[in-house]
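J.: Residues per chain, in single letters:
Number of protein chains: 4
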Amino acid sequence: MGKGRMEAFSDGVLAIIITIMVLEMKVPHGAELSALRPILPVFLSYVLSFIYLGIYWNNHHHLLHTCRRVTGPILWANLHLLFWLSLFPFATGWMGENEIAVVPAALYGVVLFLAAVAYYILQRAIIASEGPDSVLARAVGRDWKGKLSPVLYLIAIGATLVSPWISEAIYVLAALIWLVPDRRIERVLREPA
Amino acid sequence: MGKGRMEAFSDGVLAIIITIMVLEMKVPHGAELSALRPILPVFLSYVLSFIYLGIYWNNHHHLLHTCRRVTGPILWANLHLLFWLSLFPFATGWMGENEIAVVPAALYGVVLFLAAVAYYILQRAIIASEGPDSVLARAVGRDWKGKLSPVLYLIAIGATLVSPWISEAIYVLAALIWLVPDRRIERVLREPA
Amino acid sequence: MGKGRMEAFSDGVLAIIITIMVLEMKVPHGAELSALRPILPVFLSYVLSFIYLGIYWNNHHHLLHTCRRVTGPILWANLHLLFWLSLFPFATGWMGENEIAVVPAALYGVVLFLAAVAYYILQRAIIASEGPDSVLARAVGRDWKGKLSPVLYLIAIGATLVSPWISEAIYVLAALIWLVPDRRIERVLREPA
Amino acid sequence: MGKGRMEAFSDGVLAIIITIMVLEMKVPHGAELSALRPILPVFLSYVLSFIYLGIYWNNHHHLLHTCRRVTGPILWANLHLLFWLSLFPFATGWMGENEIAVVPAALYGVVLFLAAVAYYILQRAIIASEGPDSVLARAVGRDWKGKLSPVLYLIAIGATLVSPWISEAIYVLAALIWLVPDRRIERVLREPA
Numbered sequence: 085m086g087k088g089r090m091e092a093f094s095d096g097v098l099a100i101i102i103t104i105m106v107l108e109m110k111v112p113h114g115a116e117l118s119a120l121r122p123i124l125p126v127f128l129s130y131v132l133s134f135i136y137l138g139i140y141w142n143n144h145h146h147l148l149h150t151c152r153r154v155t156g157p158i159l160w161a162n163l164h165l166l167f168w169l170s171l172f173p174f175a176t177g178w179m180g181e182n183e184i185a186v187v188p189a190a191l192y193g194v195v196l197f198l199a200a201v202a203y204y205i206l207q208r209a210i211i212a213s214e215g216p217d218s219v220l221a222r223a224v225g226r227d228w229k230g231k232l233s234p235v236l237y238l239i240a241i242g243a244t245l246v247s248p249w250i251s252e253a254i255y256v257l258a259a260l261i262w263l264v265p266d267r268r269i270e271r272v273l274r275e276p277a
Numbered sequence: 085m086g087k088g089r090m091e092a093f094s095d096g097v098l099a100i101i102i103t104i105m106v107l108e109m110k111v112p113h114g115a116e117l118s119a120l121r122p123i124l125p126v127f128l129s130y131v132l133s134f135i136y137l138g139i140y141w142n143n144h145h146h147l148l149h150t151c152r153r154v155t156g157p158i159l160w161a162n163l164h165l166l167f168w169l170s171l172f173p174f175a176t177g178w179m180g181e182n183e184i185a186v187v188p189a190a191l192y193g194v195v196l197f198l199a200a201v202a203y204y205i206l207q208r209a210i211i212a213s214e215g216p217d218s219v220l221a222r223a224v225g226r227d228w229k230g231k232l233s234p235v236l237y238l239i240a241i242g243a244t245l246v247s248p249w250i251s252e253a254i255y256v257l258a259a260l261i262w263l264v265p266d267r268r269i270e271r272v273l274r275e276p277a
Numbered sequence: 085m086g087k088g089r090m091e092a093f094s095d096g097v098l099a100i101i102i103t104i105m106v107l108e109m110k111v112p113h114g115a116e117l118s119a120l121r122p123i124l125p126v127f128l129s130y131v132l133s134f135i136y137l138g139i140y141w142n143n144h145h146h147l148l149h150t151c152r153r154v155t156g157p158i159l160w161a162n163l164h165l166l167f168w169l170s171l172f173p174f175a176t177g178w179m180g181e182n183e184i185a186v187v188p189a190a191l192y193g194v195v196l197f198l199a200a201v202a203y204y205i206l207q208r209a210i211i212a213s214e215g216p217d218s219v220l221a222r223a224v225g226r227d228w229k230g231k232l233s234p235v236l237y238l239i240a241i242g243a244t245l246v247s248p249w250i251s252e253a254i255y256v257l258a259a260l261i262w263l264v265p266d267r268r269i270e271r272v273l274r275e276p277a
Numbered sequence: 085m086g087k088g089r090m091e092a093f094s095d096g097v098l099a100i101i102i103t104i105m106v107l108e109m110k111v112p113h114g115a116e117l118s119a120l121r122p123i124l125p126v127f128l129s130y131v132l133s134f135i136y137l138g139i140y141w142n143n144h145h146h147l148l149h150t151c152r153r154v155t156g157p158i159l160w161a162n163l164h165l166l167f168w169l170s171l172f173p174f175a176t177g178w179m180g181e182n183e184i185a186v187v188p189a190a191l192y193g194v195v196l197f198l199a200a201v202a203y204y205i206l207q208r209a210i211i212a213s214e215g216p217d218s219v220l221a222r223a224v225g226r227d228w229k230g231k232l233s234p235v236l237y238l239i240a241i242g243a244t245l246v247s248p249w250i251s252e253a254i255y256v257l258a259a260l261i262w263l264v265p266d267r268r269i270e271r272v273l274r275e276p277a
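Protein chains in written order, with our numbering: chain A, 85 to 277; chain B, 85 to 277; chain C, 85 to 277; chain D, 85 to 277.
The hints are simulated quantities; they were obtained by calculation from the structure and are not laboratory data. Don't take each hint at face value.
Identical chains blur together in the list; that is why a pair holds if it fits in one copy or across any two.
Below, a list of computed lysine-lysine pairs in the DSBU-like style, where the Cα atoms sit at most 35 Å apart [claimed, not checked]: (1) 87 - 231; (2) 110 - 87; (3) 229 - 87.
Next comes chain A alone, as it looks inside the complex (with noise of 0.2 Å):
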């Protein structure tokens, strides 16, 4: 199996989750201002969301160009992965369309949890074919920002029992530690082997 249309099919699947979540932000009925602010919480999870995908894309990208072939037990943890990612159009709606709720920060929450749960196991998949001594694994190895998230995520589901409001915090905040782009791997390629 070729890496190339499994990349090809990912962008798509990620080009079609980032661009379907706006259908969630319903088009008002009313044309004044003010028919656009029950949309605001819509647009805030929608902007976060688009950030998050935007991260995962870009990850997922230094992710594949350390893997040489495609196994089958990488193609499904890649298609795994793409399953958690595709529930962010209903996860983020929900949270949006009930103004930060309990419940629905709280299931926004596991949405990303078991999406970095599903990228770990994508990125074991493809150490365990790379082998203990390729690019990757040397890479992962101090891999903080991956093993800080699921903990950030973990902490908010919790937080939403206390104020969902702090749990959006921690989404915006562990959304910005990733938005510095991953180094690491490029570090090491520079590295004498």
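Start from chain A and add chains B, C and D according to the hints.
T.: Structure of chains B, C and D alone, referenced to chain A:
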């Protein structure tokens, strides 16, 4: 006609089908956990269909790998397969929203069956073009999965008269059989011709 | 401008149009077989439009095959064609949901006619760029299908005044004429120049 | 990061945005010609946005043509541009469904303006990476269109206070200015360095 463009178009359609399905999972009105309850069967149907489409994408790739030249019949057999796959979101949504009722569960089986038939026709069109001594012709000779699946779908359609839950169990079983990646073609490729 | 990116963009738009159409087939509320009855005309309209878009995708590929350089006019003629094709889901849905009423059947013909005109303009733009001695210029000289189709669409639009079912029969006929893959270009390509 | 995958992802997102917009054109309930009447402003808004997205796709291609290396800032500037373009279906639908009312017409201008700003930022990010002597840096020096457009959008936003129809006229004018393909870069490319 280059194979590349047919692969790219099929990938695009499959990526859209797999992502659009999630739009059938309508954002619920309430914000409590109980509001998610009616969505559960839609979600489970979505998981099942996501796996089926993943299987088709995977097998489709292996199939086209054995095809060196795209003829008119292959092109239309491919579009015919994409047509039945495009009905997955409708069949999945109807089954999920009616909590696995009799007729929707049967219709789901009909779509699965017709997609399997379309896949078989595509396989035949490629063998007709590649010749009876081709890699594919030898590989499908032992294709017990491809022969068993349509039979299972027909049994499941009939079983809806007893209980749609038996049908669901058969759909899950048929998917599990396919989840193991198709190594037949790879095996024959490694054999001396 | 590379031809590859224009092909990829056209493939993407066509793949989305062909898949989005199925969203017009709304999941019915009941779970009985009779609940599918009102969907039947929508389904049949969907089948017809799916075939038409398949024909356009196929012919579009053959057309671009003869085009070596993408000029400004070709690029905009291509976007113009995609515009009319993007109205297929709307025209199909309106025709299907009104059980083939007079005005929707006529509008469907208008969209078919304008897409055919747009295809003709794209053909002219490519010939203007490739020259009167190009493969395409010689191939379209005998293009009786390309000349007959718009006439058939106009007749069908007029026939809605008698009965929209006559129009439907003409739409089906025009599709059947095209279903045979376009071998004109291939034939000329094999002739000595 | 290869330029190819960023181009492919951008093409995918643009293809989906341009096609999803037509979903805002809801199939009317009646089957008479008069049922199409309320859809007319939605249709005209759709035509305008389709042309704008075609312009962006075209210019985006020319822009990336001058970019040899994808850096982190370029990647995020590109996603930022896609974000504002992804709001076209919403802004178009709201403007069309309210028959070009004041606030929706202004919001449409705001989205146009912010997309233009995002395009400018992407241009700057590429120049920062390619250097002040690059092809792009010399080409944008005379970029009167890129400087005029945002000003026109701001005037149009202000003009909604007088009449949203003036704003529409300005949006159409600004699109017409861009419809002529961007030959600046091509011209500079042909000049001796």
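J.: Against this structure, judge whether each hint is valid.
T.: Hints, verified against the model:
{"no.": "1", "hint": "87 - 231", "in the structure": "both (26 Å within a copy, 29 Å between copies)"}
{"no.": "2", "hint": "110 - 87", "in the structure": "between (37 Å within a copy, 34 Å between copies)"}
{"no.": "3", "hint": "229 - 87", "in the structure": "both (26 Å within a copy, 26 Å between copies)"}
Going down the numbered hints, you'll see the structure goes against none, and every one checks out.
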